[in-house]
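Colleague: For reference, the chains in residue letters:
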Amino acid sequence: MTGRHVLPRLVALGGAAAVLTLGVSACGGGEDEITLGLITKQEENPFFVKIRETAEDSADDTDVKLLTAAGKSDVDNASQVAALEDMTREGAKGIMIVPANSRAIVPAIEKAREAGVIVVALDTPTQPPSAVEALYATNNRRAGNLIGRYAKAKAEEDAIEPRIAMLDLAPGISIGDLRHDGFLAGFGIEDGDPEIVGSAYAEGNEDKAREAMARLLDEDPGINIVYTINEPTAFGVLDALENAGRDDDDVILVSIDGSCDAVKDAVRPGKIDATSQQYPENMAREGLEAVAEAVRGGPSPSGFRDTGVELITSDPVDGVESEDEAFGVRNCWGD
Amino acid sequence: MEAAASAAQPEPRAKPRLVYPKFAIPFVLLILCFAAWGAAANLTDVLVGVFRTIFDMSNVQAALVQFAYYGAYFSLAIPAALINRRFGYKVGVLTGLGLASVGGLLFIPASEILVYEVFLIALFVLAAGLSILETSANPFVIAMGPEGSATQRLNLAQAFNPVGANIGVLLGAVLILPQITPETSKVIMSAAELEQSQEEDLGLVLGPYLGIAFVLILIWLLIAFRKMSTPAEASQEEEGEARSGALGRLWANRHYRYGVAAQFFNVAAQVCVWTFTILYAQDIVGVPAEDSGWYLQASLILFLIARFVMTWLLGIFRPSRLLLIMASLGVGLCLVAMFSLSIVGLIAVVCISLSLSLMFPTIYGVALQGLGEDTKFGAAGLVMAILGGAIMPLIQGKVMDEVGAALAFAVPGFCLAMVAAYALFDLRTRRGGGGELVAEGAH
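So the protein lines, in turn, are chains A and B. When you line the first sequence up against this note's numbering, it's residues 1 to 335, in that order. When you line the second sequence up against this note's numbering, it's residues 1 to 443, in that order.
The following block holds chain A by itself, in its conformation from the complex:
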């Protein structure tokens, strides 16, 4: 081999390797394309945006054509019913849905299933749960339990006499009840125990939480532990504490969600002491992969599929397993 010919051969070899690599990469899929659908509650909430984005990425990776639709608000059942009908008509073989109304959506789901469509719920269960093949969601009782155990251990560490305020979702909504019960169990108390000095339904809304917390503080200025159903509620509580001249360091505030807003602006600086982080991307990815597999002749998904929850705090306590705020930032949803 003369020196003159070495370089062109090297270049050719490198080029061939690159082409081969690209070729192999391009042939990575190879399965028949199928059509699936995803219906979320709305397009504004970063939680649902994360679900949609992850589902789209997973669809690209698994040769799935994904149809997407969303309601106009968290309670827009009519749009979801219409989306179910449209997707069935357009040939979707499987549909993932985040129900806006757990009961009202059921007849439309049954109609789709009768047409041979595999339907699974994400995040929110249907009533009854058997209306869908499977539910991919956070274990809400465990989410509540984690912050309950944290609040208890933190109160003991700080040697405070617990005076607890409960800011719940709304009467009769299963997610709210599960989180509430989980918190009480984690703390080791029951409804009606004297440690609970006040409670209110804030509907997961920041403004309503601010008003409710102000009222609870008027009734008992000594509140030192606050349970919140979600992070918008926790932000409302922080406002109320500030308005009442209370230092948030004097109150153990716990919540559930794990959004980027909350983790970066409230958990990291210690305003929210701990939050149970849930993972919408797991709901979307696991749900889509399971439905796609079933449509392609694999086993049909069934029952409740836990999509994980982790306790995030910048102030860990002994005896309660948690992840730090860096983990929370890496895995949060939203901007």
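Among the clues, some could well be false.
[What the hints assert, rightly or not] Listed next, the in silico DSBU-like pairs over lysine-lysine satisfying Cα-Cα at most 35 Å (straight line):
id, chain 1, residue 1, chain 2, residue 2
1, A, Lys93, A, Lys65
2, A, Lys271, B, Lys186
3, B, Lys22, B, Lys227
4, B, Lys90, A, Lys93
5, B, Lys227, B, Lys398
6, A, Lys65, B, Lys186
7, B, Lys186, A, Lys72
8, B, Lys90, B, Lys227
9, B, Lys398, A, Lys271
10, A, Lys72, A, Lys111
11, B, Lys90, B, Lys398
12, B, Lys186, B, Lys22
13, A, Lys271, A, Lys208
14, B, Lys376, B, Lys22
15, A, Lys208, A, Lys72
[Said to hold, decoys possible] Not close to chain B: a few residues of chain A, all C-beta gaps over 12 Å, as computed:
id, residue
16, Asn101
17, Ala155
18, Gly192
19, Glu206
20, Arg305
[What the hints assert, rightly or not] To give an idea of the chain B side of the interface with chain A (calculated C-beta under 8 Å), a few residues:
id, residue
21, Ile180
22, Glu183
23, Ser185
24, Gln282
25, Asp283
26, Gly404
27, Ala405
28, Leu407
Bear in mind the hints are in silico, worked out from the structure with no lab data behind them. Virtual Cβ for every residue (Gly too), placed ideally from N, Cα, C.
Mind docking chain B on chain A? Use the hints.
Modeller: Same frame as chain A, but now just chain B:
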């Protein structure tokens, strides 16, 4: 006047050729070596975050990657010089290429065994080989052509080092980071699934290193079967004899002594910043793993561009003054990174590369200024300051484990403050002898 001046000038001499004809191909091969060690070095910057995720370990444990890599570089510098002196540059280059290839191939058993420490051994062997390669290749390149074009030849070869560095990060950003199993998925995995994902992720790490090993083996074969001995090698032995009393004279020279310390802190700052850029992006700003590598890529591109700009500025400003300004800027950017926990902090981290860009050659030149006969011996001491890249990332990793990724930028901030202090010292003190600035030899 002009005509008279022209008449007085000697006839323009023929431009010396870049390399002797018989060394054209070996020169090209050595250029590939310069790119290869740039790629390997900066791929390790990506690896720190990757190993942290795969093995679910602390930051200080993950930073052992840099300890292994730069520790090997430091440890092998003197043995490499001895190999060159005893057996010549070709043997030195072949030893380096061979050892580095073995290091790359050791990633195969490492990814089978799934033990972190085996990866560290593989990295140590790879870096040991590259250290020998670098030590041999620099003087080899100089000896491959006429003395008149030696600087040009060395500069051309070294220009491919940052090219390789960018390719290294690109390999990590494209082939590894986007494919790594998401942390959220691991939250719901069983032990068996976790082990399988670990295996798959380590397979991703294996690819680029096997690629590097393959290229190095190819270069080894092409050099091994080519007859080459350079005319300049014979004189190296005499030149290499350490002049008696050099160490004492160098130690007595504060500009040199502090210069070695400044170089230690400069290399430390550089490795710290590049090692933890990806982790800062992920942990503080929440940049997804698949996108985080691009911020390190931006740092390296900025570093490359700034080096050219700094070369121009060094013709306008006194080097120590520019060093003081840029080191102070670096300290300021570290403070922004520490206290602005947002994209602003991340941009500050990326921009630290701007201040780093002039430091190695400038400290090199300032520290060696006026050393006369002791310059070559003194240069070896400056190169060994690479030890900073092994030690300080461990300290930053430890600080990060305690107080988080943002406040841990106090470590490179401190390092850059030390560089600024050296620049200030040089500006405020008078040297014993004069002497011109010395051009950088390597890095």
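Colleague: Hint by hint, say whether it matches the structure.
Modeller: A quick look at each hint next to the structure:
1. Distance check on the hinted pair: A/Lys93 and A/Lys65 sit about 11 Å apart at the alpha-carbon level, within 35 Å; holds.
2. As the CA atoms of A/Lys271 and B/Lys186 are separated by approximately 28 Å, the hinted pair is consistent with the 35 Å bound.
3. For the proposed pair B/Lys22 and B/Lys227, the alpha carbon gap of about 9 Å is at most 35 Å, so the pair holds.
4. Among the hinted pairs, B/Lys90 with A/Lys93 is inconsistent with the structure: their alpha-carbon atoms are about 66 Å apart, more than 35 Å.
5. For the hint pairing B/Lys227 with B/Lys398, the CA-to-CA distance comes to about 50 Å; that exceeds 35 Å, so the pair is violated.
6. For the suggested pair A/Lys65 and B/Lys186, the alpha carbons sit about 26 Å apart, so the restraint of at most 35 Å is met.
7. Proximity of B/Lys186 to A/Lys72 is assessed by CA-CA distance (about 33 Å); at most 35 Å being required, the pair is judged to hold.
8. For the given pair, B/Lys90 sits about 9 Å from B/Lys227 by alpha-carbon distance, which is consistent with the 35 Å threshold.
9. Between the alpha carbons of B/Lys398 and A/Lys271 the distance comes to roughly 25 Å, so the proposed pair stays at or under 35 Å and holds.
10. As the CA atoms of A/Lys72 and A/Lys111 are separated by approximately 22 Å, the hinted pair is consistent with the 35 Å bound.
11. For the hint linking B/Lys90 to B/Lys398, the alpha-carbon distance of about 41 Å lies beyond 35 Å, and the restraint is violated.
12. Distance hint between B/Lys186 and B/Lys22 is unfulfilled; the C-alpha atoms sit about 56 Å from each other, more than 35 Å.
13. Distance hint between A/Lys271 and A/Lys208 is fulfilled; the C-alpha atoms sit about 19 Å from each other, no more than 35 Å.
14. With a CA separation close to 28 Å, the supplied pair B/Lys376 and B/Lys22 stays within the 35 Å bound.
15. Annotation: proposed proximity of A/Lys208 to A/Lys72 holds, straight-line Cα distance about 21 Å (limit 35 Å).
16. No beta-carbon of chain B comes within 12 Å of the beta-carbon of A/Asn101; the shortest separation is about 28 Å.
17. Residue placement check: A/Ala155 keeps its beta carbon more than 12 Å from all beta carbons of chain B (closest about 25 Å).
18. Consistency note on A/Gly192: stated as away from chain B, and its beta-carbon is indeed over 12 Å from all of that chain's, at 34 Å minimum.
19. Distance check on A/Glu206: its Cβ is at least 22 Å (rounded) from any Cβ of chain B, clearing the 12 Å threshold; non-interface status holds.
20. Separation of A/Arg305 from chain B is inadequate, the least Cβ-Cβ distance of about 9 Å not exceeding the 12 Å criterion.
21. Of the supplied interface hints, the one on B/Ile180 is violated, with its beta-carbon coming no nearer than about 12 Å to a beta-carbon of chain A, more than 8 Å.
22. Residue-level restraint check for B/Glu183 holds (minimum Cβ-Cβ distance to chain A is 5 Å; threshold 8 Å).
23. Proximity of B/Ser185 to chain A holds as hinted, the smallest CB-CB distance being about 7 Å (cut-off 8 Å).
24. With a least beta-carbon distance of about 5 Å to chain A, the hint placing B/Gln282 at the interface is held under the 8 Å criterion.
25. The beta carbon of B/Asp283 comes within 4 Å of a beta carbon in chain A, closer than 8 Å, and the hint placing it at the interface holds.
26. Interface restraint check for B/Gly404: the shortest CB-CB distance to chain A comes to about 6 Å, inside 8 Å, so the restraint holds.
27. A hinted interface residue such as B/Ala405 counts as satisfied when its beta carbon comes closer than 8 Å to some beta carbon of chain A; here the least separation is about 6 Å, so the hint holds.
28. Interface restraint check: B/Leu407 against chain A, minimum CB-CB distance 12 Å, threshold 8 Å, status violated.
Checked against the numbered hints given earlier, the structure breaks hints 4, 5, 11, 12, 20, 21 and 28 and satisfies all the rest.
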